[in-house]
Amino acid sequence: MSQSNTSVPAIRYRGAGVTYAGGVKALKGIDLDIPAGQFVVIVGSSGAGKSTLMRSVNGLIPLTEGTLEIAGQPMPDKPGRALRRLRADIGMVFQDFRLVKRLSVLDNVLIGRLAHVPTWRTITGLWPKAEVEIALEALERVGIVDKAYVKASQLSGGQQQRVGIARALAQRPKIILADEPVASLDPVTSHQVMQDLLRINRELGITTIVNLHFLDLARRYGQRIIGLRHGEMVYDGSGETVTDDQFREIYGRPPGDDDFLGGVA
Amino acid sequence: MIAPVRPKPRYAFWGGITLALVAMTAWSAKGVGVDFIGMVCNIGGGKRLLVESFPPDFGFLPRLFKPFLETLQIALIGSVIGGILAIPVAVLAARPVSPNGLVWFLDRNFMNVMRTLPDLFWAMLFATAVGFGPLAGALALTVFTVAVISKLFSESIEAIDTNLPEAICAAGGNWIEMVRFGALPQVWPQYASYLMYAFELNVRSSMVLGLVGAGGLGMILESQRSNFEYERVSLIILVVLVAVLAIEQLSGAIRRRLA
Chain A
1 MSQSNTSVPA
11 IRYRGAGVTY
21 AGGVKALKGI
31 DLDIPAGQFV
41 VIVGSSGAGK
51 STLMRSVNGL
61 IPLTEGTLEI
71 AGQPMPDKPG
81 RALRRLRADI
91 GMVFQDFRLV
101 KRLSVLDNVL
111 IGRLAHVPTW
121 RTITGLWPKA
131 EVEIALEALE
141 RVGIVDKAYV
151 KASQLSGGQQ
161 QRVGIARALA
171 QRPKIILADE
181 PVASLDPVTS
191 HQVMQDLLRI
201 NRELGITTIV
211 NLHFLDLARR
221 YGQRIIGLRH
231 GEMVYDGSGE
241 TVTDDQFREI
251 YGRPPGDDDF
261 LGGVA
Chain B
266 MIAPVRPKPR
276 YAFWGGITLA
286 LVAMTAWSAK
296 GVGVDFIGMV
306 CNIGGGKRLL
316 VESFPPDFGF
326 LPRLFKPFLE
336 TLQIALIGSV
346 IGGILAIPVA
356 VLAARPVSPN
366 GLVWFLDRNF
376 MNVMRTLPDL
386 FWAMLFATAV
396 GFGPLAGALA
406 LTVFTVAVIS
416 KLFSESIEAI
426 DTNLPEAICA
436 AGGNWIEMVR
446 FGALPQVWPQ
456 YASYLMYAFE
466 LNVRSSMVLG
476 LVGAGGLGMI
486 LESQRSNFEY
496 ERVSLIILVV
506 LVAVLAIEQL
516 SGAIRRRLA
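So the sequence lines, in the order shown, correspond to chains A and B. Just so you know, this note's numbering puts 136 at position 136 of the first sequence, and the rest follows in order with no gaps. To get this note's numbering, take the position in the second sequence, counting from 1, and add 265.
Be aware that a few hints might be false.
Some chain B residues judged to face chain A by a derived CB distance under 10 Å, without partners named [what the hints assert, rightly or not]:
# : residue
1 : 431
2 : 439
3 : 441
4 : 447
5 : 454
It should be emphasised that the hints constitute simulated quantities derived from the structure, not laboratory data. Where a beta carbon is used, it is the ideal one built from N, C-alpha and C, also for glycine.
Model the full assembly from the supplied sequences, consistent with the hints where possible.
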């Protein structure tokens with residue numbers, strides 16, 4: 001379900017680029033509008049700039065050229081309160097889950113509430129009841145609320161990734177960024193996680209960007225596919241119509257077995 | 266089959282190091298006045314001291330009870346307060362989480378100065394401030410503990426996985442939250458073992474501090490030694506030995522459970 005305000009895109013890049021110290025151009029000349037509520041998959045071989053593009057959305061990697069607007073607001077250009085407030089609205093899911101392994105599942109999901117609770121409460125663990133409710137609700141949505149008081153390190157990879165998604169959801173975000181969310185998972189679990197992300201996108205209308213390197217997953221789940229090669233956008237179209245030739249264009253080589261996850265849905 | 270190329274042994278390098286070590290040791294021995302003949306001739310003096318120290322005067326044991334508790338109290342206060350103060354000192358001196366280069370630089374140097382000054386110096390300093398006694402000892406050990414733990418702990422924090430702090434920032438966490446959830450959980454087990462190590466050191470140190478009037482067993486040790494009561498001196502040393510071994514066992518058991 002797209003949100004009603006379609007005139008202002010959730011994310012808008014104009015002439016955007018990132019040049020790392022040392023001169024490596026990770027992104028160049030990106031012009032891109034992502035409407036609110038869209039489910040976008042970014043594909044490209046490693047080093048193509050997928051991660052850089054994704055991390056520019058929440059300012060983990062600042063742009064060095066061009067502009068970026070999130071819901072019509074320009075990206076704050078230095079760290080501080082404004083950037084933290086913006087990040088509070090953007091949930092992020094990682095390939096390696098990035099959970100605090102010594103803490104319980106619930107405590108991990110509560111990290112998604114950091115921006116909404118006074119610091120003295122978060123660091124002492126004195127979370128308001130309402131915040132715990134939000135965290136439990138997020139866990140409910142990914143189907144592992146029964147694990148709330150289990151230590152994060154005791155979960156399987158698929159379960160840990162669901163905690164990662166729940167943490168992002170607990171932020172009540174407008175945008176979810178998922179950076180290779182299934183790269184550490186087996187095929188069956190990969191599909192489950194992708195379906196979770198898609199379902200959340202549909203149910204809550206959260207704009208979702210997913211970096212993937214498996215072509216079949218991209219084709220199957222990408223409402224829209226963006227192809228990056230050497231930091232430039234070389235493809236922008238629907239997942240259903242993307243051809244093997246176009247993948248060849250994106251990857252600079254014919255697709256091989258390693259580019260497909262395979263397995264069942 | 267292709268034989269792998271065997272690297273040339275570095276005879277000159279290792280030969281040079283060995284030679285340098287031998288030369289330095291000889292030079293030091295001359296400076297200290299190591300005299301093997303004299304040592305053998307005077308061995309009787311050491312023997313007399315050992316004979317006079319044996320057997321330990323166990324009748325003296327009850328009078329050690331209170332000073333022993335005082336030693337433990339001094340060590341405990343120093344370890345707990347010092348251990349807490351060491352956390353921010355360590356965090357600010359650990360590169361991945363330190364807020365900026367200036368803070369890092371100042372804190373690093375602060376830590377180095379603290380560590381360079383010996384515990385006896387701190388004891389004298391606090392003794393002039395609050396008077397001779399257990400409080401001066403406890404304050405000295407607090408500083409000593411901060412010095413020991415902050416150095417070790419900041420090195421642990423430097424070695425953390427920095428991906429987790431990134432995730433905390435991405436969720437909108439501020440600096441304190443990034444440290445609290447992204448960095449510290451990765452190093453709490455190490456912190457616990459440094460804390461217990463510091464406590465072991467402090468029990469030993471509080472003996473030395475006692476010698477300069479900071480209370481506890483050390484003070485009794487000094488008074489008995491100056492009265493040539495070697496049977497009592499040996500008893501005190503025995504008590505400390507047993508206490509330190511017991512603490513080591515205890516902290517080892519706790520550390521195993523934390524790991």
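Status of each hint after checking the structure:
{"no.": "1", "hint": "431", "in the structure": "6 Å, holds"}
{"no.": "2", "hint": "439", "in the structure": "6 Å, holds"}
{"no.": "3", "hint": "441", "in the structure": "6 Å, holds"}
{"no.": "4", "hint": "447", "in the structure": "8 Å, holds"}
{"no.": "5", "hint": "454", "in the structure": "9 Å, holds"}
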